[in-house]
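J.: Protein chains in written order, with the numbering used here: chain A, 593 to 1057; chain B, 71 to 291.
Hint data in this document are derived by calculation from the structure and do not stem from the laboratory.
A few of these clues could be false.
Below, a list of computed lysine-lysine pairs in the DSS-like style, where the Cα atoms sit at most 30 angstroms apart [unchecked claim]:
{"id": "1", "chain 1": "B", "residue 1": "K237", "chain 2": "A", "residue 2": "K901"}
{"id": "2", "chain 1": "A", "residue 1": "K746", "chain 2": "A", "residue 2": "K633"}
{"id": "3", "chain 1": "B", "residue 1": "K241", "chain 2": "B", "residue 2": "K290"}
{"id": "4", "chain 1": "A", "residue 1": "K901", "chain 2": "B", "residue 2": "K241"}
{"id": "5", "chain 1": "B", "residue 1": "K159", "chain 2": "B", "residue 2": "K108"}
{"id": "6", "chain 1": "A", "residue 1": "K901", "chain 2": "B", "residue 2": "K159"}
{"id": "7", "chain 1": "B", "residue 1": "K290", "chain 2": "B", "residue 2": "K270"}
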Amino acid sequence: MPAPIEDDILSLKHQLVNWLFTPIFLLLLFTMAVGYVAAIKLSGQPYDLALLERARLLASQLDRTGPDVALLAWPEPEGLWFSLSDTQGKRLAANADLPQPRPDDLAAATPRFRDAFFLGRKIRLVTYRFSTSRYQPGGELVVQAAEAVEDRVKLSRSILSYIVVPQFLFILIAGLAVWLGLKRGFEPVERLRRTVARRRGDDLSPLDEEMAPSEVRPLIREMNRHIARSRGLMEQHQRFVANAAHQLRTPFAGLKAQAELARRAPVPAGTDALLEGICEGAVRCSHLVNQLLTLARNEPAPRDREIFKPLDLERLAQEAARDWGPEALRRGIDLGFEGTGTSLTLPGDEQALRDLIDNLLDNAIHYTPAGGWVTLRTGNGDGAWLGVEDNGPGIPESERERVFDRFYRVAGSGQPGSGLGLAIVLEVARRHGAGVELGTGPGGIGASFRVHFLPYGANGLPGKE
Amino acid sequence: MRILIVEDDGLLADSLIRAMAAAGYAADLAGDGELALKMLLDGCYDLAILDLNLPRLDGLAVLKQLRAARRALPVIILTARDMVEDRVKGLDLGADDYLTKPFSLAELEARVRALLRRGQGGGGACIECGDLSFDSAGRRASLCDETLDLSARELAVLETLLFRQGKVVSKEQLIDSLCAWDEEVSPNAIEVYIHRLRKKLEPGGVVIRTLRGLGYLMDKA
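Please build the complete structure, drawing on both the sequences and the hints.
T.: Dropping the structure here:
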């Protein structure tokens, strides 16, 4: 047995979603990261410039007034700090105890920015080296300016949200579009599935390739080839059974004719009974062969849709009953027909339905003792039905399931028969989508068979659709 | 009377030859289709009993070529095929009768007799059932050699039943048999004619049985 394949691997939709959305999601994470870095960097630049501008302003003022005055005169907004030191890093003045400038910052010719922590807050710090003319002529000083970064973070977050929200929306819409596209794309496959699901088990007609999307078409084509092969095998089998039955008839005919001839000649006493036995045996054998042939004809056939034609069940039943009239009279049975009086049209195989009626009547006439009655009825109500009732011994409830089995015979009935009659009835009924009910006749006496057909056009067969 | 039996199964062919000989006909045998066609075209046969499943040439092909050569001799087809369409095909090609294997020799003999009689011309003019006989040419029915006093409609009903004696005839078929008269015939009227016929036929041992919902059947008592 092949190992069961997980549903996810079998589902094209899952496969597509997995292969499409995993990379897209990873890509989204990546662009978010890039966006985040870019947002911080870009949003930081104007703030950095402003911070540097302030440091320069301070430097120029300081050059005019000296450090203490300059710092005192400097308005001090919350979250903005300065310090002044010489190029060795020695602090000359400060409005807050900012971290010491690093030696490489002190040495740098251009302003240096860095992130740092101060009083538990994250800050941005610029170190700016400048030359003084008045305060320390010819000398150089270093000014540090720092500010809290809350504003920058707010800006970068809002930039980030401008990047991320549309991307999330993009994924959401893309996902929806792909889902809808898949659903639409798979609709023909789903339609094909429904068509196959609705098929009768014996329907071996090819599937319509046009129904499938082009990707699935090769599969359908191969399936059709497979169906055609099965159909061929089935037809071959049916032909074999039919031919075998045909071929058996001729020797039986010969046997019977020889026995009949022998009976005509003057024969020693006692031989006539033997010859009659041979005759009867030949007749029963050929009846069995006929029944086998009928059964083979009514096994699920791949061509039912082609064979089935609208027919009148009422007329067919009446004709059958009429043909059985002489036989019923010979056996002293009152055979009657109670029909609807109107035609009952339904699609079917006329020969097969005639076999069905013949076998029901044969059965009833054989098992009903002389002096009894057999009635063939037809009716209409939620589909046509056909019934055969008799006042014979009936069929015990325990046997009712099994009487339809092939070669099953009710014990102790003492009647010769092929044991195939009711099997034929069941096969023909099945082929026509009809159900067979078996019960007792009126008043709980005898047997009653009823074959109920589906309403016209409801059995997926050519109807008036 | 010469009869050609075309049958490739030895046992059946042997029975047929014996039965035909016993009935007083000269019977020849052809074991395959080609030989059969040659014998039928060359020889002078009054009737052929033709199997369908033959070597060399199929029975239906033999029949077709025979009819194409404008040979009108009666042909009875014997076959193991019993599908309705097979039967129709055989009859369409010009077969006169059709028997499905296995059949009873008595039935075959009766059909041979009927076909040969028809071939002779005057056949079928007089139909009998027990002591009842009907002369369809003279439109006269007699019971135990005494002419029955019947109305024209009663005669028509009797004729229809007699032609299909032993078989069930529906009321509709009886009404159709009376349609030559330009008036409506009701099912009740048929019952009246049947009732009258029964009374007149009873002494001769001929009965008309009623089958519920199906029709009537004429038979010897």
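J.: Under the constraints set out in the numbered hints, which ones does this structure not fulfil?
T.: Of the numbered hints given earlier, the structure breaks none, since each of them holds.
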